[in-house]
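Enquirer: Input sequences plus hints: build the corresponding full structure.
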Amino acid sequence: MSRIAGLFARKNPVFIGFTVAGDPGIGASSGVAKTMIDAGVDLLEVAVPYSDPVADGPVIERAHVRALRAGTTPDDAFALVREVRGYAPALPVVLFTYYNIVHRRGPERFFSEAAAAGADGVLIVDLPVEESGEVAPYAARHGIDRIALIAPTTSPERQHAILSGASGFVYLISLEGVTGERDRLSSGIAGLVGAVREKTDLPLAVGFGVSRPEHVAAVAAAGANGVIVGSALVRLIEEHSSDETGMHEALATAIIALRGGLVPQSRT
Amino acid sequence: MKAGRYGIYGGQYVPETLMSALIELEETYARVLADPEFSRRLSWYLHEYAGRETALTFCENLSRDLGCRVYLKREDLLHGGAHKLNNTLGQALMAKFMGKRRLIAETGAGQHGVATAIAGAALGLPVEVYMGEVDTRRQALNVFRMELLGARVVPVASGTRTLKDAINAAMRDWVANLRDTHYLLGSCVGPHPFPRIVRDFQSVIGEEARRQVLEREGRLPDTVVACVGGGSNAIGIFYPFVNDDVALVGVEAGGEGLDTDRHGASLSRGSVGVFQGALSYLLQDADGQALETHSVAAGLDHPSVGPEHAMLKDSGRVRYEAVTDAEALAAFRYLSRTEGIIPALESAHAVAYALRAAEDLDKDGILVVNLSGRGDKDVADVANLHGGAA
Chain A
83 MSRIAGLFAR
93 KNPVFIGFTV
103 AGDPGIGASS
113 GVAKTMIDAG
123 VDLLEVAVPY
133 SDPVADGPVI
143 ERAHVRALRA
153 GTTPDDAFAL
163 VREVRGYAPA
173 LPVVLFTYYN
183 IVHRRGPERF
193 FSEAAAAGAD
203 GVLIVDLPVE
213 ESGEVAPYAA
223 RHGIDRIALI
233 APTTSPERQH
243 AILSGASGFV
253 YLISLEGVTG
263 ERDRLSSGIA
273 GLVGAVREKT
283 DLPLAVGFGV
293 SRPEHVAAVA
303 AAGANGVIVG
313 SALVRLIEEH
323 SSDETGMHEA
333 LATAIIALRG
343 GLVPQSRT
Chain B
17 MKAGRYGIYG
27 GQYVPETLMS
37 ALIELEETYA
47 RVLADPEFSR
57 RLSWYLHEYA
67 GRETALTFCE
77 NLSRDLGCRV
87 YLKREDLLHG
97 GAHKLNNTLG
107 QALMAKFMGK
117 RRLIAETGAG
127 QHGVATAIAG
137 AALGLPVEVY
147 MGEVDTRRQA
157 LNVFRMELLG
167 ARVVPVASGT
177 RTLKDAINAA
187 MRDWVANLRD
197 THYLLGSCVG
207 PHPFPRIVRD
217 FQSVIGEEAR
227 RQVLEREGRL
237 PDTVVACVGG
247 GSNAIGIFYP
257 FVNDDVALVG
267 VEAGGEGLDT
277 DRHGASLSRG
287 SVGVFQGALS
297 YLLQDADGQA
307 LETHSVAAGL
317 DHPSVGPEHA
327 MLKDSGRVRY
337 EAVTDAEALA
347 AFRYLSRTEG
357 IIPALESAHA
367 VAYALRAAED
377 LDKDGILVVN
387 LSGRGDKDVA
397 DVANLHGGAA
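In the order they appear, the protein sequences are chains A and B.
Take the position in the first sequence, starting the count at 1, then add 82; the result is the number in the numbering used here.
Take the position in the second sequence, starting the count at 1, then add 16; the result is the number in the numbering used here.
No lab work stands behind these hints: they were computed from the structure.
We treat Cβ as the ideally placed atom computed from N, Cα and C, and that holds for glycine.
Certain hints may be false.
[As the list claims (entries may be wrong)] Derived, one-sided and incomplete: chain B residues facing chain A with beta-carbon distance under 10 Å:
{"id": "1", "residue": "20"}
{"id": "2", "residue": "23"}
{"id": "3", "residue": "30"}
{"id": "4", "residue": "31"}
{"id": "5", "residue": "38"}
{"id": "6", "residue": "181"}
{"id": "7", "residue": "194"}
Expert: Here you go:
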């Protein structure tokens with residue numbers, strides 16, 4: 083059983099944390115990852131920094147900019163994955179990337195390096211199912227799960243097409259918009275979780291806009307198997323740019339509080 | 017060839033959230049193409065409002081100077097002062113047919129933003145224009161023009177704070193407001209079906225030019241020249257000539273020279289990559305990060321280019337050349353003095369190349385240059401570059 087499947091089999095729902103490799107610096111990034119893991123992140127999403135992250139809101143975009151200014155390359159992102167793999171051998175890691183990073187290396191090399199670093203899944207945020215044939219064989223060859231995205235605007239027909247190539251877990255986008263914190267969570271989450279649940283046995287994780295313990299609770303109550311928090315954590319890195327100790331404390335405190343929103347449920 | 021592909025190029029490399037909007041756009045576009053009411057209304061706006069058809073001017077002084085027969089396709093005479101309005105009227109009308117209630121657009125130099133503001137005002141749709149913060153300062157007059165036309169200009173402070181970041185910001189807005197908003201993309205770039213839609217709405221340039229030159233000369237031209245940033249004016253004039261025995265030349269921004277890292281020549285110096293939704297040529301580093309570009313002409317200052325141009329480059333059907341800032345500035349002054357026509361700095365790149373291309377033509381050779389816009393917007397900048405002296 084893969085690390086991702088194993089995690090969802092023994093824990094439900096799970097807490098997924100997001101960080102941009104190289105934020106706030108190449109060296110500091112691994113400390114951030116370790117703090118997140120120590121504070122209770124069940125699965126880590128590591129973003130490869132990219133110059134034009136159009137799916138992301140301002141908070142995560144600024145993290146991409148910080149990482150690139152620090153000189154972070156895809157090699158550094160792979161190195162971070164390798165470090166996390168050593169630190170937490172059982173913890174699943176998903177690489178979150180924009181497609182040009184993959185295209186530039188060539189999908190064969192990208193997936194081979196991702197696998198060698200110890201990544202369990204790859205999520206290519208701007209590679210819809212229509213274009214995903216370009217990477218599918220390499221993901222399969224290297225045993226990497228292809229994490230698929232489903233949006234509130236995805237039609238039922240597209241949901242079927244997307245799910246037929248998905249593995250690991252399915253990332254449900256909670257809202258129409260980019261990543262970023264919101265005061266309130268979209269009211270349509272339960273409907274989306276229910277609609278996709280009918281079509282797949284894969285675990286369903288909800289992200290985009292999830293930034294408070296009550297959001298986490300709402301996602302869990304909607305029947306999701308996982309909740310993904312990005313901007314709310316990334317913002318803490320930005321806010322504590324000159325105070326590393328404070329940053330680690332703030333991250334740990336936030337993760338513990340957010341995790342508190344999770345109520346264990348039996349897997350249906 | 018797969019739908020939405022130009023050879024291997026094009027495609028739809030966008031977040032899942034945008035796919036439903038692209039599918040809706042594709043369906044609406046097919047519907048309006050077949051709708052006589054749409055054609056009738058667009059034709060009315062183009063002729064009665066925008067001032068089509070534009071002249072194909074035989075330039076006597078230029079022809080005498082260059083030793084061949086030189087025509088300018090006068091998109092500078094279109095309402096708004098550039099070819100951009102062909103596309104914005106088409107897409108704004110399409111948005112009306114789709115029942116959208118709001119237009120958003122990106123702009124670099126401000127020309128597409130102004131053209132969108134014009135189309136929005138004419139068709140009664142509110143307009144918001146995303147513009148890099150750096151560009152809002154460089155092009156303060158165009159910001160005022162857009163506001164005068166009733167549009168709201170949103171300065172974009174992320175990334176390099178220029179055109180590519182304005183596109184990113186507009187895409188983010190669109191993702192969040194798909195149901196009531198149409199993203200009026202200004203060039204033949206981005207995900208399918210945008211490159212096709214923009215090409216079709218701009219093809220009126222080439223259709224007219226082809227007919228006009230046949231009427232005037234009784235034959236097709238030897239060479240057609242246009243500048244290429246994203247490539248919309250070029251694809252517009254090239255497309256109706258693609259199956260003819262006519263040399264087509266696209267002119268990119270050579271900036272401070274192709275051997276420096278200060279240019280915008282994605283076809284001449286870029287490599288294949290995915291950028292803002294499409295596979296095309298891209299100025300990128302070894303890891304796939306888009307590079308900063310440079311051109312004296314803001315409209316050519318962009319790291320990528322429309323996917324159809326990428327295909328036309330590979331097939332050899334269109335030749336792509338580059339002209340430096342200095343050559344473009346010289347052509348800007350030359351055309352102003354020789355013909356009394358001040359070209360946009362973008363269009364001045366095409367004029368500059370025409371000066372070179374003319375060497376290969378004899379006195380009966382026919383050269384058509386797409387004068388994509390007028391240069392009033394650039395006059396202040398050029399004055400500054402020359403210390404105030406004309």
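Enquirer: It remains to establish, for every hint, whether it holds in the given structure.
Expert: A quick look at each hint next to the structure:
Proximity of residue 20 of chain B to chain A holds as hinted, the smallest CB-CB distance being about 9 Å (cut-off 10 Å). About 15 Å separates the beta-carbon of residue 23 of chain B from the nearest beta-carbon of chain A, more than 10 Å, and the hint is not met. Given the 10 Å rule on beta carbons, the hint for residue 30 of chain B holds: about 6 Å separates it from the nearest Cβ of chain A. Below 10 Å, beta-carbon pairs count as interface contacts, and residue 31 of chain B has one with chain A at about 4 Å; its hint therefore holds.
The closest approach between the C-beta of residue 38 of chain B and any C-beta of chain A is roughly 9 Å, which is under the 10 Å cut-off, so the hint is satisfied. With 10 Å as the threshold, the beta carbon of residue 181 of chain B comes within range of chain A, its nearest partner Cβ sitting at about 8 Å, so the hint holds. The interface hint given for residue 194 of chain B holds, since its Cβ lies 6 Å from the closest Cβ of chain A, which is under the 10 Å cut-off.
In this structure, the one hint that does not hold is number 2.
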